[in-house]
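Colleague: Read off the chains here:
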Amino acid sequence: MAEKTEQTPGAVVDNAASTWSDLWTKEDYWAIWLGALLLIVGCIIFLPRPPEGMQEVFDKSNAVMQAEAERAPFKTVAWYKAQDAKEKFKARNEPYAKSIGKWLSTPKGWSDNPLDALYLSKERAEALNAKAMPKYEAAKEKAAAALEEALAAETLAAEAAFQDATLNTAASDKIDNWRRARNAESKAKSKTQTKAFNIIPHLLGLMVIIALFFSIGIKAMGKDTAGFLKGFIAVFALATLAYLMANQSTMKHYGIGDAAWAIFVGMLIANTIGTPQWVKPALEVEFYIKTGLVLLGAEVLFNKIIAIGVPGIFVAWVVTPIVLICTFIFGQKVLKIPSKTLNIVISADMSVCGTSAAIATAAACRAKKEELTTAIGLSLVFTAIMMIVMPMIIKATGMPYILGGAWMGGTIDATGAVAAAGAFLSEKALYVAATIKMIQNVLIGVTAFGVAVYWCTRVECEAGRTVGWGEIWNRFPKFVLGFLAASVIFSWLYTYLGEDAGFTMVDQGVLRGFTRGFRGWFFCLSFAAIGLATNFRELRHHFKGGKPLILYVCGQSFNLVLTLVMAYIMFYLVFPEITANI
Amino acid sequence: MQEKSTLRRWTSLILGLAATWAVCFVAAPAFVESNQTMTRMARFIDESGINTGKFYYTDVEACAVANLNTRNTVLYRPHGPGPKPVD
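Quick note, the sequences are listed as chains A and B, same order.
Per our numbering, the first sequence starts with residue 727, numbered consecutively.
Per our numbering, the second sequence starts with residue 184, numbered consecutively.
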C-alpha cells in the first residue's frame, strides 16, 4: 500500500532502477527474508519429528477405508473409525509443539469478564470441568447407544449383501446419527478438559520477540530502531486488545474479528486524542502486512484445489475469476469509481475470500490503507448478515444442504463465518462449505500475482506507452515473489510427503502449529497500525456517492446467483455420485 | 483550523469508548435475544466453538476436519463390490 500524494488517473511514472543493494535495504525484500526465516525455523522444528507410529496408522486406516469402500455402497462405521484414527495425528499436538504454541497464544474466549481471556486459576478450571461433566456423561451414553444402533443397522444391510436399498438407507441414516452424537460427545468432552492458564507472561515475551524480529529489518533499512521499539509496545497492546475484543462471545455471534477491532480502536484513538508521536515510528503497516503475506503464501497449498474433486474447482476457480473481472469492469465502466485500486480491492474481497484476499490484492496494487479499510468494513457487515440469512433461506426453500453448503462456501467472505453457517445446517453442509472456501482461499496467490502484473503493465503507465521488462521488474511488488515462492515450495513439500503425512506435518504442523500464529499477529499489528494512522475524513471520502457499497451489493448479488447455478450444475447434474457420498 | 482542546479530545475518546461498550454489551446481545433465528445461531456458535471472525482456512479447525473428510470421500468413495466408478 502507498500514500500517493499525487495521482493522475491511471498513470504513475516510475523511473527508479533496481540495484543489488535493494536486497538488504528495501522493505519488500526484508519481508521475504524475515518470512522465509520463520518458515525455515518452522520446518526445522516440525519436519524431523513426525508423531510416533504415524505412517503405520495411515497405512492401516487407508487399507480399512479401501476395503470398506469396496464392501458397502455407503460409509460404514469402520470407514469412519479409520478416518478418525488418521485425524488424531497432528504434529501440533505433540508436547514440544504445545510448548511453542503457548508463546503464540492470543487472548482466550470470554463473556462478561475480560480477565477470563488472560488468566484462569486451577480452582476455577476444575470447577468448570466438574460443571461440564454431567453433560459429557450424558453425551457419551447417547453416542454409545447411537453406535450400537448404527452397527445393528449396518449388519442387517450386510446380511442382505447391501442389495436392499431400504436397508442401506436405514443403515446410512443410523450412521449419520452416530456421527452427530459422537461430535456432540467430543464437544462435551473438550469442555471437561479446561486447563488453568496465564498468558500474560507469554504475551509480554511474544511482544519482545516480535519487536526484535522486525527491528532487524528496521535497522537494516536505516530507520529509527529505538523509536520503533518504543512505539511497538503501543501497537502490540492495541493488537492484543483487538484479539481480546474479537474473542468476546457476542462479537463471535456477529463475526467481528480482530482485524475490525484493531482498525476501529486505532481509528478511535487517532481521531480523538490523536496517535502520540512516539508511537508513529512503529506504524509500519506495509512491513507487517508484507511479512505476514509471505507467511500466508506457505498456507496457499495448491494441492487443496482437488480436495473435493472437479465440482469444487468449478465452483471456486471458475466462478471467482468471472465475478472478479466482471465486477472490476462494472466498477470502472458503469459506476465509474475513480480509484482503480479501491475497485479491485473490493472486487477481490467480495469475489475471492474476503479480508485475506483484500489484504493480498491491496498490497499487490499498492492501494491506500483507507481503501483496504473500506473493503474490509463492507465485507464485515455483509458477512454478518449472510452468515445468519443464508442458512435461513436454505432451510426455508428446502434446498439440499450440500448445495446450500457449496453456495455459502463460495459467497460468504470469512472462513469462520462459512464454517459456522455450514455447521448450523449439517455436518455435510459444513464439509462442503468449508472445503469450497478453502479452495477459494488458495486462489489468493493467483489473484495477487495477476493483479500485480496487470498493475505494472497496464495501470501504472502512461497511455500509449509500452512497458519493458526492466520497468515491469522495477515496479513489481517484490514481496509477491516471496509469497508465491512460499506457496510453490510448501505445495511441493506437501506433495513430496504425501497427502496424509503432508496434512499431519505441514498443514497441522509447520503451518497451524507455528507460522500461522505469527501470521495472525503480523496482520493484527498491521491493522492496528492502519487504525492509528487513519483519518476519518480520508475514510469518509472513499464512501462518497455510495459507489463502493453499490459495487459490493451488485457484485455479491451476481456472485450469489452464479455460484448457486454452478454449484447445482456441478454437484447435482455433472457429479451426483460425489455428492451422494459426501 | 482550530486545535481541539485536550479536554475535548479526551471527552471524545471516552464517549467513543462508552458508545462502543453500549453497542457491544447492551445493544448487540439484545438484538440477538430479540430474534429467534439469531438466538439459535448464537447458541450454536457458542456450543460449536467456531470462531466466526477468522478469515483464512488455516485459522478454522473445522476446515481441517472438512478437508480430511472430503479428501477421503474422493479417494475412498464407497461403491460396494465391483470396480470404482470413473468420474
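Don't take each hint at face value.
Stretch-level coverage of chain B by chain A, calculated; a stretch enters the list once three of its residues show a Cβ under 8 Å from a Cβ in chain A [to be verified]: (1) 192-198; (2) 201-210; (3) 214-222; (4) 225-233; (5) 237-248; (6) 257-263.
Worth flagging that the hints you see were computed from the coordinates, not collected in a lab.
Glycine is no exception: its CB is placed at the ideal position from the N, C-alpha and C atoms.
Colleague: It remains to establish, for every hint, whether it holds in the given structure.
Modeller: Taking the hints in turn, this is what the structure says about them:
Remark: the stretch 192-198 of chain B is confirmed as covered by chain A, as 4 of its residues place a Cβ nearer than 8 Å to a Cβ of that chain, reaching the required three. Check result for the stretch 201-210 of chain B against chain A: holds, 3 residues qualifying (beta carbon to beta carbon below 8 Å, three or more required). Proximity of the stretch 214-222 of chain B to chain A, defined as three or more residues with a beta carbon under 8 Å from a beta carbon of that chain, is established by the 3 residues found. Coverage of a stretch by a chain is defined here by at least three residues with a beta carbon nearer than 8 Å to that chain's beta carbons; for the stretch 225-233 of chain B and chain A the count is 8, and the condition holds.
Check result for the stretch 237-248 of chain B against chain A: holds, 11 residues qualifying (beta carbon to beta carbon below 8 Å, three or more required). For the stretch 257-263 of chain B, the stated coverage by chain A is satisfied: 7 residues place a CB nearer than 8 Å to a CB of that chain, which reaches the threshold of 3.
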